[in-house]
Structures are given as structure tokens and as C-alpha cells.
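Enquirer: Note that the protein sequences, when read in sequence, are chains A, B and C.
Going by our numbering, the residue at position 93 of the first sequence is 1001; the numbering climbs one at a time, nothing skipped.
Going by our numbering, the residue at position 64 of the second sequence is 598; the numbering climbs one at a time, nothing skipped.
Going by our numbering, the residue at position 116 of the third sequence is 113; the numbering climbs one at a time, nothing skipped.
Simulated from the structure, these hints should not be mistaken for laboratory data.
One should not assume that every hint holds.
With beta-carbon atoms standing in for the labels, derived distance ranges [said to hold, decoys possible]:
{"hint": "1", "chain 1": "B", "residue 1": "Asp862", "chain 2": "A", "residue 2": "Arg933", "range": "44 to 50 Å"}
{"hint": "2", "chain 1": "C", "residue 1": "Asp198", "chain 2": "B", "residue 2": "Asp580", "range": "17 to 23 Å"}
{"hint": "3", "chain 1": "B", "residue 1": "Gly760", "chain 2": "A", "residue 2": "Asn986", "range": "43 to 49 Å"}
{"hint": "4", "chain 1": "B", "residue 1": "Pro704", "chain 2": "C", "residue 2": "Asp95", "range": "41 to 47 Å"}
{"hint": "5", "chain 1": "A", "residue 1": "Ala932", "chain 2": "B", "residue 2": "Thr822", "range": "33 to 39 Å"}
{"hint": "6", "chain 1": "B", "residue 1": "Leu854", "chain 2": "A", "residue 2": "Asn986", "range": "57 to 63 Å"}
{"hint": "7", "chain 1": "A", "residue 1": "Gly966", "chain 2": "C", "residue 2": "Asp198", "range": "43 to 49 Å"}
{"hint": "8", "chain 1": "B", "residue 1": "Pro873", "chain 2": "C", "residue 2": "Glu3", "range": "50 to 56 Å"}
{"hint": "9", "chain 1": "B", "residue 1": "Phe882", "chain 2": "A", "residue 2": "Glu973", "range": "32 to 38 Å"}
{"hint": "10", "chain 1": "C", "residue 1": "Trp313", "chain 2": "A", "residue 2": "Ala924", "range": "50 to 56 Å"}
{"hint": "11", "chain 1": "C", "residue 1": "Asp149", "chain 2": "B", "residue 2": "Pro704", "range": "42 to 48 Å"}
{"hint": "12", "chain 1": "C", "residue 1": "Thr204", "chain 2": "A", "residue 2": "Ala932", "range": "48 to 54 Å"}
Going by beta-carbon spacing under 7 Å, a handful of chain A positions derived as facing chain C [as the list claims (entries may be wrong)]:
{"hint": "13", "residue": "Trp914"}
{"hint": "14", "residue": "Arg915"}
{"hint": "15", "residue": "Thr949"}
{"hint": "16", "residue": "Ala950"}
{"hint": "17", "residue": "Ala954"}
{"hint": "18", "residue": "Tyr972"}
{"hint": "19", "residue": "Phe976"}
{"hint": "20", "residue": "Cys978"}
{"hint": "21", "residue": "Met983"}
{"hint": "22", "residue": "Thr992"}
{"hint": "23", "residue": "Tyr995"}
{"hint": "24", "residue": "Gly999"}
{"hint": "25", "residue": "His1006"}
Even for Gly, the Cβ is constructed at its ideal location relative to N, Cα and C.
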Amino acid sequence: MTVRAWRGISFAERMATVDFRVGARAHITVDAEICRSCTTTACVTACPADLFAPTADGGILFNYEECFECGTCYMVCNREGAITWTYPDGGQGVVFHHG
Amino acid sequence: MGEPVAGRPSGGKRTEPGAGPNRTGGQTGPLVVACVRIVDLRPHVDPLTGRITRDPAGLGLPAPDAAALEHALRIGEAWSGRVVVAAAGPSPAPGGTPDAVLGELAALGATVVHLAEAGPAVHGRDRDMAETALRHPGTERPAATDSGALWELTADEGALARRIVNALSPFGVPAAVLCGDRSPDRGTGALPGFLAHELGAAQALGAVAVAPGDGHLLVDRRLDGGWRERLRVPCPAVCSVEGGGVRLRRATLPALLAAGPTAVHPAAPVRGGTVDGAREGSGPGPVTLRILGPPRPYRPRTRIVAPPADPDPRIRLLELTGALEAHDPPTVLGPIGAPEAADALVDFLVRHGYLDAPLPGAPARAGAP
Amino acid sequence: MSGATEFDAVVVGAGPAGSAAAIALARAGRSVVLVERGPFPGSKNVYGGVVYGRILDQIVPAWWEEVPVERWIVRRSTMMMTGTQSLSVDYRSQAWADRPYNGMTTVRSRFDRWLAGKATDAGARLVTSTVATGLVRDASGRICGVHTDRGDGDLRARVVVACDGVNSFLAKEAGLLPPAEASHHTLGVKEVLDLPRSVIDERFGLTGDEGTDIEILGCTRGIPGGGFLYTNADTVSVGVVLSLPHLAAAGVRPEELIADLKEHPSIAPYLRGATLREYAAHLIPEGGYDAMPTLATDGMLVAGDAAAMTLAAGIWLEGVNFAIGSGLAAGRAVDRAIGAGDCSAAGLASYRADLEAQFVLADHKRFRRAPSLILSERVQQRYPGFLCDMAEELFTVTNPTPKPGGLRATRIAAARHGVTLRALAADTLRALRVFG
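Could you put together the complete structure from these sequences and hints?
Expert: Structural data, given as C-alpha cells:
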């Protein structure tokens, strides 16, 4: 997780405003072996939901539960095959009420 | 611990003998009913005024209700019975979300009976009044007949139970009724009790798991300390289940395409007074109970250390706090995997006498009995 | 699979493009199924500003009487800012406050549901909570339906209309879109903030259903993109749009940039006391005309965001109207192709011709160079500060020092921001060519 200054609302509180219907299947998978050779780790800062965290051994730990399903992570990823990204199962995932 | 708190039908003021487990009035096997309520899963609560805004887009099945339906479908399959879903919720609007939710229910292979809530009045003044009255008993209740139905749904669960039983009467007498144990929409959790009373059925509330038996249900419930009790609940039975444990299956695409809005039956209007057929026959048999021991968590005993004996309080204090003693420097193990970390912890505990040394030959991390 | 019902068309995605396509097809008497992966249409969708509704004339006469509108835009403001300054071009027209209106703000969960309702009213079959996971092909390799993630879930159709959004896995599977082209995408992040209606009216100078849309340049720490702030009925939406490769390179978290914008002295007073209602993020295809995929292949058409049909041309930021326009055209083309009995790429070619003839591709073609100009280094990093400083030089009264005069003010500001007059002239010419 990135360290950040207090800007009026905590990140957890920010994410709590969004309706996520969490499916049983992870729709993101990360191949940490590929990530170990990555120096940019762009997904860590670019993901608007902050789902990717670097681990001490150079891999990437990911969450899928609070995903906006935007696709930023696999678009900015410069390692072919590191992030596999599909849509969550039908009816699951983010539900925007004020999009 | 382990008192069989659930079991006998509550009260039973008008209960008459009848309705054994095998006499469910079914033409094609026992009747299994799931009672669900279609609600806005994430209503907006104004932080200042407490005013609640419901969005028709947010309508869906709460997790406990979805679990109840899944259990009902599994029991129905095991018994080769019929499954009826009594779905309370807003009236379907053409193309609207309630329609989609009801259509999905109908596509699961169950007969869906829809108990329509009041239409537009739900979002208007009457809803506010109903909610105010709920918060502050004694204030004015909405008078209009439509919102009367609403009132039933939001507050008087006895009346709702009568309405559900009445709506189910064309299908026969249920052998098992499953409900969710709570609703995000002001449910009090009392509905299953009222239903059991109306049906003259045994009840077991707050179940973790429900398994079909022969003429009974096996119901697991939580007890303190990780224990479970397993109730053998004779049919007819009413159970409420937790939201976890099972996930509601998804309808197949052909079933979904076949199940239009027409697959949903509107509930029959309420006829006054008692319900036909439901409370005939002898009441349910006794509920039997077994306590299931859990794998107990290991709690090592406290190690007793003799108090320092020195007459000088300063020395005693130093001895107690260990302030001047040499300490092991902190050990940095570095990033290691979970099994290695567990081994390191167990080694530490053994080294310092909190644990007996592991049996020779046993893997080190199985040190805790 | 063999027993599956065959439809004339399966439309994937019940957003504006998909619903429009389904409407056109159902009204032409074709059997159409509209597949939506969310629990309701609009549940996965986010937009960043204004819906221009005139295209709805083709669907619902007097649509303004029933469309779920939040506010009608009467005031459009383009703001250039630095950390402490801002310069706005602010236009207001009461003509936009009445029929047939110009732009509106809405909530996608309501707007998209309304439009999908028009499709089901016309006879389309809407199937929600269902993901189209891949394409079904016949023995000859021609696309003839989609796989879904439901049991027994193949849908067979003569034509597949892929309106499955910016990540369009169907267009990618068909080989029409590259797997991941970050440089053609921007990330939009948005906060919807609660603010009482009367407070919005007062702060933005609005009455009744009137609304404001403010587009902002220079608020993204040099990352190509921009910001926006617009009014809904009793919420306001504020957010930023960020070029993906530059966002990744900058290592800045997107919500930090929204926080920057909200703290800017020109924006903060609008938002004082507002509380967060919902945070959202979505990708935008901003490659423009030159990044568009091939629009038709044997048995399949692509429309809306899946076909990169958003106009991100600086002063025009549109998408929903292009999605509806392309969806309608796709529906009509499929109807014609089925009527002619030829659903191959050649049979569906009237789709592109139709789009070229109307605003959808004509606008994109005319402004095809706009994205690269708008996202260029000078426009993004130098001109906002340059213009703000020029205004400051002009409007700061420095008595007893005499006024600098226009040309001198320009020179001072240009020098401060490393803008040569030559580059300025070149960019002015370029802008004239791009937008002329």
C-alpha cells in the first residue's frame, strides 16, 4: 500500500462508498514470477482502487474484491502475461449507482 | 451451553392436530418453500436527517434470503419435491429491475409467488410515516389500504406471515419453509416464528447449515466457543438461515429466456381470518438435539513464575521487569513463507519452555497438540 | 449448443450503444436479445460530464419529457488553471434551458435503464447478470453467436453487435482491437458529492433545472488530461481524466489528483461541506478516428466505446451521443443485411457508410488530429500557466509602473513558461486546422 497524506477522507472510507458484489471467483490473476522482473510496477500506483501491493520479495499481491473493472492495470502493465484480467461473473462486481 | 432453545412451535394458540411430515398436500412430492424479500441492498441513509432513499436499481436478494432459497432448492431436489418461492417486493414495472430479479427466481425452476408491496406510495409520504411510526411507536400510521400492505411488510410480521401462508395455500401445506435470518430492510427476524405459528410447524432459527433428512431437517447452529448444535427438526419445519455457507445458483440461459415476467404468480388477495389447511393434523414431533464438539483451539496453560524474594523493593522491581538483564537481540527472520514462520514461532515457544518439544519424527510445525 | 434458439441478432452490452442497436432492430421486427453483465443496465457505466440528447429524437419524440435528467446544462465553462490561478471562458445561454435543449447531466444507472427499457418495450429480450465470454463460430469460422457464463449459455444469432465497452473482449477476440493499447486510453476517476440542491443553485448561479459544466485544463500535475466539475440535481460530480501511460510513468495515485483539484482556490468554494457519495473509475477510449477498430467483420459489428467512439477533442467532450448514434446505425445495418440475406462483412458494410454520412464518423474524421493536439506537451503543461500569467500581467495594476500592454504581457508570460512566439503561432495555426 502506498503511504499518503490525509486528504479529507481515508482510502477505506472512499472505497466504502462503492457497491461491490463480490463473486466467488477472482477475475484478476497476477503471475508474481513475471512481476519479480518488473521495475516500474505501474499497476501499484495507477490502479484507482489500489488493489496491487508490492511484496518484499519483489512480487505483486493483488485483491479483486473492490475492483472497478476499469482495465487500467492490464493496460499499463508492461510485462506480457503478468496480469490476466477478465470480467467478474455476471451480476457480480462493482455496481455504480451514480455513474 | 447447548440448551435446545429452538424447537417447539411458538405458542400455537390455535394449533390443531395434523400435518405430519408426509402429508404435505403435494401431488408430486413434498412442498418446500423459500420466503424471500426483494429489497434495495444498499439504501442511502442521509447522515444528517436519517432519511432513507431507496433506489429501484439496487433491488436484489439479501444474502441470507439467497442462502435460504439455495437451501430450499437443494432440499427440494433431495426430496424430489416442489419448490415455491414467496417473494415479497415492489411491484414489477415493465423492464424494471424487480422484473429481472423475479425472472431470475422463476428461471431457477421454482414457482414464484409475488407478494407485491404498495406501488408508488412506497416511496412517498406513507413510507416515511410508516418508518416514523416504526421508530416511534404510538405515532400515526398510514391509513391508505395500499400502504396498509406496506405496513404489513415493514412492521407487522404476523400479518405478513398470514399473508404468505394464505398465498401458499393453493400449493398445499409446506413440509419445509426457509427464510433468511435477517433483512437489510428493517426486518426484525420475527417472521419465521410467526410463520411456524401459522403453519403449526417446528422452528429452528439462525441456522448455519440445513440438510434434508427423511421426514426431518438436520439443522446446524452456532454455539459459543466454536461448538455447533445439530437439531433434528421434524417436518413441517420453518428454518431461518445465515447469509454465508452457500451461494445461490445461477439460472441457465435457456431457463432465463423461457421465464418471462408471466412465470411469476401474483399472490392471492388476503382472505380474512384463519388459513385453510395449514394447521390440520397433529403438531410436529419433538426436536432432538446433538452437540457437536469442534476441533478446540489450543490454549497453552499459564506458566507460573515465582515472585522475586529480595527484601529490597528496587531489586524486586528490577527482577520483575528484567530491566538490567541481558536480552536476546531481536531476531530478523527476513521475508519467509508461512510454514517457515510457523516453525520459527514453534521453535521459539519450545526454546522458552512454553511448549513441550515436538515428538521425534513429527513435523516441527505440528508441535501444538 | 445445437438446440439453442437462434436470434436475428445478439447485442452485447446494454449501455447506450447496445440499447440503441436493440431498439433499431426490435422496431424493425427482428428478434434480438440484449445481454448485460451487470445486474441492471448502467451498473458498470461511468461518464464524465454531459449527455447531448438530440440524437434521441430518432428514438423517442419529445424524449425530454421522460428522460431521467438531473439538470439541463445552460452554462459551459472552460477553465485553465495553475496551482493558484485560473482563467475561464464562460458561456451561458438561456436557449439551452428549454426544448429541444442542448446538454444534460444524468445518472447512468437511471439513463441507461431508461434507454434499455425502450428496447424491451420494442420487443427486445434483455438478459442481465450475464457475461458474454466469447464468440461462437461456425465451421467456416464465421461468427454466429456468443458464449455466456451461464449454464447451457450459448446464444446463436445471425449477427453479433459488440457494444461491450472500452475493454471490448469480443472485438479483441475477433481481432478488431489490439489487446491493450495504453496510449489510446485515458482513465477517468470521479467523485459524486452530496450537496443540497439550494446550495448548488446558489453557488453555481442556477435556477430550477439549470445546470453547469466546467471543463478544466492544467489541474493534473502535467499528466496529459483534464478535470471536470458538473452539477446534478442534488449532487455534484468532480473528477479528472488522465492519460494512462503518463499516469503510470508519473507514479501519482489518481485520487490524489482529484484531491488537488478539490483544494484549488477556484474549485474549493463550490464544494465546501460536500460529502462523498460515490467514488468511481472507468477507462475512456480517446484515440480518436485513427485508433478506431475495423467496424465490421463477418457476422459482427462493433459500436460505442468498443469502437472507440468518444470524441475527446478538447472543447468537445462527447461519448454517449456517439454511442447512441453508432448503435442506431449498427441496428439499421444489421436489419438491412438480414433483409438482403448477407451478414458477411460486405453485407454489413452499409454500417460504416451510414456512420460516415452522419455526425458519428464525420465529427471524428474532422477532428482526428485533436487528441494529439489537446494532449500535447505545450497545451497540457505550458499554455495553462502561460495564459493565466498573461491575464495576470494584463489585469494586475502596478501603479506607478505603467501598464505593460498586450504584446509585452504576452512576451513576459511566454518567456516565463518557455513558450516561443514561433511555437505559439505554429500551435495557433495547427488549432485552426484541427478545429476549423
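Enquirer: Compare the structure with each hint and give your call.
Expert: The hints, checked one at a time:
1. Distance hint check for aspartate 862 of chain B and arginine 933 of chain A: the Cβ-Cβ separation is about 46 Å, which falls inside the suggested range of 44 to 50 Å.
2. In this structure the hint that aspartate 198 of chain C and aspartate 580 of chain B lie 17 to 23 Å apart at CB holds, the actual value being about 19 Å.
3. For the pair glycine 760 of chain B and asparagine 986 of chain A, the beta carbons lie near 47 Å from each other, so the given range of 43 to 49 Å is met.
4. At about 55 Å, the beta-carbon gap between proline 704 of chain B and aspartate 95 of chain C misses the expected band of 41 to 47 Å.
5. Alanine 932 of chain A and threonine 822 of chain B have their C-beta atoms about 34 Å apart, which keeps the hinted 33 to 39 Å range intact.
6. At about 58 Å, the beta-carbon gap between leucine 854 of chain B and asparagine 986 of chain A stays in the expected band of 57 to 63 Å.
7. Evaluation of the 43 to 49 Å hint for glycine 966 of chain A and aspartate 198 of chain C yields a failure: the beta carbon distance comes to about 54 Å.
8. In this structure the hint that proline 873 of chain B and glutamate 3 of chain C lie 50 to 56 Å apart at CB holds, the actual value being about 55 Å.
9. The beta-carbon spacing between phenylalanine 882 of chain B and glutamate 973 of chain A, approximately 34 Å, falls within the hinted interval of 32 to 38 Å.
10. Tryptophan 313 of chain C and alanine 924 of chain A have their C-beta atoms about 36 Å apart, which leaves the hinted 50 to 56 Å range violated.
11. For aspartate 149 of chain C paired with proline 704 of chain B, a C-beta distance near 31 Å fails the hint of 42 to 48 Å.
12. At roughly 50 Å, the beta-carbon separation of threonine 204 of chain C and alanine 932 of chain A lies within the given 48 to 54 Å, and the hint holds.
13. About 10 Å separates the beta-carbon of tryptophan 914 of chain A from the nearest beta-carbon of chain C, more than 7 Å, and the hint is not met.
14. Hint status for arginine 915 of chain A: holds, given a least beta-carbon distance of 4 Å to chain C, under 7 Å.
15. Hint status for threonine 949 of chain A relative to chain C: violated, with the closest Cβ pair at about 9 Å, above 7 Å.
16. The restraint placing alanine 950 of chain A at the interface with chain C holds, with a minimum CB-CB distance near 4 Å, inside the 7 Å limit.
17. With a least beta-carbon distance of about 5 Å to chain C, the hint placing alanine 954 of chain A at the interface is held under the 7 Å criterion.
18. Residue-level restraint check for tyrosine 972 of chain A is violated (minimum Cβ-Cβ distance to chain C is 15 Å; threshold 7 Å).
19. At about 4 Å, the closest approach between the beta carbon of phenylalanine 976 of chain A and any beta carbon in chain C falls short of 7 Å, and the interface hint on this residue holds.
20. Restraint check, cysteine 978 of chain A versus chain C: the minimum CB separation of about 5 Å is within 7 Å; hint holds.
21. Checking methionine 983 of chain A against chain C by beta carbon gives a least distance of about 4 Å; that is within 7 Å, so the hint holds.
22. Below 7 Å, beta-carbon pairs count as interface contacts, and threonine 992 of chain A has none with chain C, the closest being about 11 Å; its hint is therefore violated.
23. This hint holds: tyrosine 995 of chain A has a C-beta 5 Å from the nearest C-beta of chain C, less than the 7 Å allowed.
24. For the restraint placing glycine 999 of chain A at the interface with chain C, the shortest Cβ-Cβ distance is roughly 3 Å, inside the 7 Å limit, so the hint holds.
25. Among the interface hints, the one on histidine 1006 of chain A holds; its C-beta lies about 4 Å from the nearest C-beta in chain C, closer than the 7 Å criterion.
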